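As they're listed, the protein sequences go chains A and B. Its first residue numbered 44, the first sequence is counted upward by one per residue in my numbering. Its first residue numbered 44, the second sequence is counted upward by one per residue in my numbering.
None of these hints come from the bench; they were simulated from the model. No experiment lies behind these values; they were computed from the predicted model shown. Treat the hints loosely; a few may be bogus.
[As the list claims (entries may be wrong)] Covered by chain A, per the in silico footprint, the following chain B stretches (three or more residues, Cβ under 8 Å):
{"no.": "1", "stretch": "120-126"}
{"no.": "2", "stretch": "141-153"}
{"no.": "3", "stretch": "180-189"}
{"no.": "4", "stretch": "283-295"}
{"no.": "5", "stretch": "311-319"}
{"no.": "6", "stretch": "340-346"}
[Claimed, not checked] Below are the DSSO-like pairs computed for lysine-lysine, each with C-alpha atoms no more than 30 Å apart in a straight line:
{"no.": "7", "chain 1": "B", "residue 1": "LYS253", "chain 2": "A", "residue 2": "LYS144"}
{"no.": "8", "chain 1": "A", "residue 1": "LYS92", "chain 2": "A", "residue 2": "LYS397"}
{"no.": "9", "chain 1": "A", "residue 1": "LYS144", "chain 2": "B", "residue 2": "LYS176"}
{"no.": "10", "chain 1": "B", "residue 1": "LYS221", "chain 2": "A", "residue 2": "LYS253"}
{"no.": "11", "chain 1": "A", "residue 1": "LYS144", "chain 2": "B", "residue 2": "LYS339"}
Yeah, the Cβ is synthetic: ideal placement off N, Cα and C, and Gly gets one too.
One letter stands for each residue in the lines below.
Protein chains: 2
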Amino acid sequence: MSINTANEIDIVKASSSKIDTVDFENLVFGNIFSDHMLTCDFRNGAWEKPVIKPYEPFLLDPSAKVFHYGQAIFEGMKAYKHEDESVWLFRPDQNWDRFNKSAERLAMPEIPSSIFIDGMKQLIDLERNWVKKGKGNTLYIRPFMIAIGSGVVAAPSTQYRFMIILSPAKSYYQGEVKVIIADHYSRAANGGIGAAKAAGNYSAQFYPTKLANEKGFQQIIWTDDATHTKLEEAGTMNVFFRINDTLYTAPTSERILDGVTRKSLIEIAKKQGIDVDVRSVLVSELVDAAKNGSLKEVFGAGTAAVVNPIVGFSYDDTYYELPKVENSFASQLKEKLTNLQYGLETDDFGWMVKV
Amino acid sequence: MSINTANEIDIVKASSSKIDTVDFENLVFGNIFSDHMLTCDFRNGAWEKPVIKPYEPFLLDPSAKVFHYGQAIFEGMKAYKHEDESVWLFRPDQNWDRFNKSAERLAMPEIPSSIFIDGMKQLIDLERNWVKKGKGNTLYIRPFMIAIGSGVVAAPSTQYRFMIILSPAKSYYQGEVKVIIADHYSRAANGGIGAAKAAGNYSAQFYPTKLANEKGFQQIIWTDDATHTKLEEAGTMNVFFRINDTLYTAPTSERILDGVTRKSLIEIAKKQGIDVDVRSVLVSELVDAAKNGSLKEVFGAGTAAVVNPIVGFSYDDTYYELPKVENSFASQLKEKLTNLQYGLETDDFGWMVKV
Ligand SMILES: Cc1ncc(COP(=O)(O)O)c(C=O)c1O
Ligand SMILES: Cc1ncc(COP(=O)(O)O)c(C=O)c1O
Chain A
44 MSINTANEID IVKASSSKID TVDFENLVFG NIFSDHMLTC DFRNGAWEKP
94 VIKPYEPFLL DPSAKVFHYG QAIFEGMKAY KHEDESVWLF RPDQNWDRFN
144 KSAERLAMPE IPSSIFIDGM KQLIDLERNW VKKGKGNTLY IRPFMIAIGS
194 GVVAAPSTQY RFMIILSPAK SYYQGEVKVI IADHYSRAAN GGIGAAKAAG
244 NYSAQFYPTK LANEKGFQQI IWTDDATHTK LEEAGTMNVF FRINDTLYTA
294 PTSERILDGV TRKSLIEIAK KQGIDVDVRS VLVSELVDAA KNGSLKEVFG
344 AGTAAVVNPI VGFSYDDTYY ELPKVENSFA SQLKEKLTNL QYGLETDDFG
394 WMVKV
Chain B
44 MSINTANEID IVKASSSKID TVDFENLVFG NIFSDHMLTC DFRNGAWEKP
94 VIKPYEPFLL DPSAKVFHYG QAIFEGMKAY KHEDESVWLF RPDQNWDRFN
144 KSAERLAMPE IPSSIFIDGM KQLIDLERNW VKKGKGNTLY IRPFMIAIGS
194 GVVAAPSTQY RFMIILSPAK SYYQGEVKVI IADHYSRAAN GGIGAAKAAG
244 NYSAQFYPTK LANEKGFQQI IWTDDATHTK LEEAGTMNVF FRINDTLYTA
294 PTSERILDGV TRKSLIEIAK KQGIDVDVRS VLVSELVDAA KNGSLKEVFG
344 AGTAAVVNPI VGFSYDDTYY ELPKVENSFA SQLKEKLTNL QYGLETDDFG
394 WMVKV
C-alpha cells in the first residue's frame with residue numbers, strides 16, 4: 044500500500060507488525076528496530092522524495108564511499124510518551140541544526156527540515172505504539188546519512204542516503220560508571236572533526252575504550268590531544284564537574300560535540316540557581332579537588348545516557364572515588380529534565396515539540 | 044559453478060565478462076571494477092571460508108555498525124604485468140601488516156595472510172586479463188574490512204566482512220599538483236587514528252580539501268594539529284622535500300601513515316647515493332628554502348599517485364612556485380621504482396611477488 048501524503052512523503056506500510064515479539068521490559072540498547080524506517084536519497088544535486096517503508100536491509104555496491112572513506116554522520120534523539128498518550132520530541136531543531144553542521148564538515152549535502160523533522164514526525168506518528176509510557180521508556184531515534192555513490196577515489200560522493208530508524212530503549216548504561224582520564228589516546232584533533240557527529244569519531248575510540256574496559260572502566264574522559272591537560276568530554280556524553288557548589292563543563296569547540304543535553308542542563312541549572320561556569324577544567328584541578336574533598340560530583344550528559352553519575356575516575360594509575368552526595372546536582376537536573384520530557388512539569392523553555 | 048580449491052576458497056565464476064566494454068585507454072581512477080571480488084565474513088570469533096564470486100552489490104541492515112560508527116579500514120595496492128605476461132604484486136606483506144595494524148587500532152579482528160595475500164593472488168589470477176602490459180597500466184587492488192554487525196550502540200561489532208575488489212587504473216592525478224600547507228584544519232590527532240588506514244581519516248579531509256580546490260589547489264599538506272609548524276603528509280601520499288641535495292621526509296608516527304611507497308623510495312634513494320634525512324621539516328624551513336632558492340623539489344609518494352611532483356605550494360596566502368629541475372630526484376626515483384614494478388630491472392630488494 045503506497046500513500047502519497049500531503050507533504051510529499053510516500054508511505055509503504057508493513058503487512059504486519061513485529062511489536063508483539065518485543066519484550067519492552069528487557070531491552071538491550073539499540074538492538075531492536077520498529078516496523079518502519081524513513082529513507083531519502085540525494086542524487087543529481089537534489090533530495091528525492093522521502094519514503095517511509097518497512098524496516099529492511101538494502102543493497103550497496105562494494106565500492107560505496109561510506110565503506111572506504113567513512114562519509115557518514117548521524118544524530119541521536121528520543122521520543123517520549125506523555126500520560127495522555129501524546130508523543131513528543133525534545134528540541135528536534137537542535138539536532139537538525141547539528142546534523143547539517145556535521146554534513147558541512149564532512150562535505151555532505153544539508154537536509155531540509157521538511158525531511159529531517161517533518162519526515163521524523165510522520166514516521167513516529169506511524170510508530171506511536173512503539174513509544175511506551177512511563178519515565179525511562181523512550182523510542183530512540185537514529186537519523187543518519189551515508190555516502191552511497193560508488194568509486195574508490197578519495198573524494199566526496201555525489202550520492203547520499205538519509206535514513207531514520209527507531210529503536211525502543213531504556214537507559215544506555217547499566218550499573219556504575221567509572222572512567223579513565225585519557226593521557227595518551229585522543230578523540231579529536233584541533234581542526235579535526237570532533238565537533239561533528241561523524242561515524243569515524245566513534246570507531247576511533249573503540250580500541251582505547253577496550254583497553255579501559257579491560258582495566259574495569261566503562262568510559263574514557265578525553266583530554267585535549269596536544270597536552271592532555273584539559274578535560275573535554277566522554278565518548279557519547281559531555282561531562283560536568285561539581286567542585287564545591289559550582290558546576291563546571293568545558294566550552295564546546297572544534298574538538299567537542301555541542302550536546303543538546305549539555306546545553307539544556309546548563310539552562311536548567313542556571314534557572315535552579317546553581318552556579319554554572321563554562322570553562323575548561325584542568326586534569327590537575329580535578330585531581331586536586333578530589334584530594335582535598337572539594338570535588339563533589341562528576342557526571343555525563345547525553346541523549347542516550349541522560350544524566351549519568353560517575354562514581355570514580357582513574358588518572359596516572361591512581362583511582363579517585365567520588366563521595367556519595369545527598370540531593371546531588373546530577374539527580375536534581377535529571378529529575379527536572381525528565382519531568383519536562385515526560386510532561387510531568389510545564390515546559391517553560393518551550394523545548395518540547397508534539398508529534 | 045562452484046569450485047572448492049585446494050586452499051579452501053570457494054570460487055563462483057561470472058557467467059560472462061564485462062572486460063570488452065571497458066576502454067582501458069580512458070580510465071577514471073577507481074570507477075570500474077573487474078568481474079569478480081573476494082568476500083569473507085568474520086562471525087562467532089572466526090573467519091569463515093572466503094568466496095570469490097561475481098562483483099555485485101550486497102545487503103546490509105540499516106543499523107550496520109559501519110554506517111554509524113565508521114568501523115572500516117582499507118588498503119591500496121597494485122598488480123603489474125611484465126612483458127612475459129606474468130603478473131606481480133609489490134611488497135604485499137607490507138600492506139597485509141599495515142592492514143592488521145589498522146584493524147587493531149579500530150578494534151577489528153586481524154586477518155591471516157592465507158586470506159589477505161593468498162586470497163588476493165587467487166582473485167588476481169582469475170582476473171589476469173584485467174592487468175594490462177605497459178608502464179602506467181595497473182590493476183588497482185582494494186582490500187577492505189567493514190563492520191557488518193547491527194545495532195546502534197557505540198561499541199565494536201562482533202561481525203565483519205573482508206573484501207577485495209579490483210579496478211583497472213592508470214595514474215591517480217592528472218595535470219599539475221599545487222598544494223596548500225594546512226594552518227587550521229588537521230588530518231590527525233596525537234593519540235588518534237592517523238597512522239591507520241581508517242575510512243574516517245579520509246572523509247575528514249574532504250571539506251578542507253574542497254576549500255583548497257576552490258582556491259585552485261589539488262591537495263593539502265597536513266601539519267601537526269597542535270602547532271601547525273611541522274610538515275606531515277598529504278591526503279593520500281607521504282611527502283618528500285629536496286633542499287639542496289638532501290631529501291627530507293617526516294618520520295612516521297601515530298599521526299602519519301607508514302607508506303609503502305615512502306619506505307621503498309627511501310631505500311632506493313639511499314642505494315642511489317642520495318642523501319636522505321628522515322626528520323620533521325618545519326613549515327618555516329620550507330618557506331625559507333623556497334625564498335632562498337635551496338628548495339629544489341617537493342613530491343608526494345603513494346601507491347595510487349606513484350611519485351607525484353608538486354609544482355608549488357601556498358602558505359599564509361603566499362604562493363611559492365618550485366623551480367623546474369633537470370634530472371629531478373622525483374623522476375629518478377619514479378623511474379627506478381616503476382622499472383622494478385614492471386620487471387624492467389632486476390629486483391635486488393626482493394620486493395616483487397609473483398601471482
Ligand atoms: C561525542 C558525544 N558527546 C556528547 C554527546 C551528547 O550529545 P546530546 O546531548 O546532544 O545527545 C554525544 C551524543 O549523543 C556524543 O556522541
Ligand atoms: C594518508 C596516506 N598517506 C600516505 C599514503 C601512501 O601510502 P602507500 O605508499 O602505502 O600507498 C596513503 C595511501 O596510499 C595514504 O592514504
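Are there hints from earlier that the structure breaks, and if so, what are their numbers?
1, 4, 5, 6, 9, 10, 11
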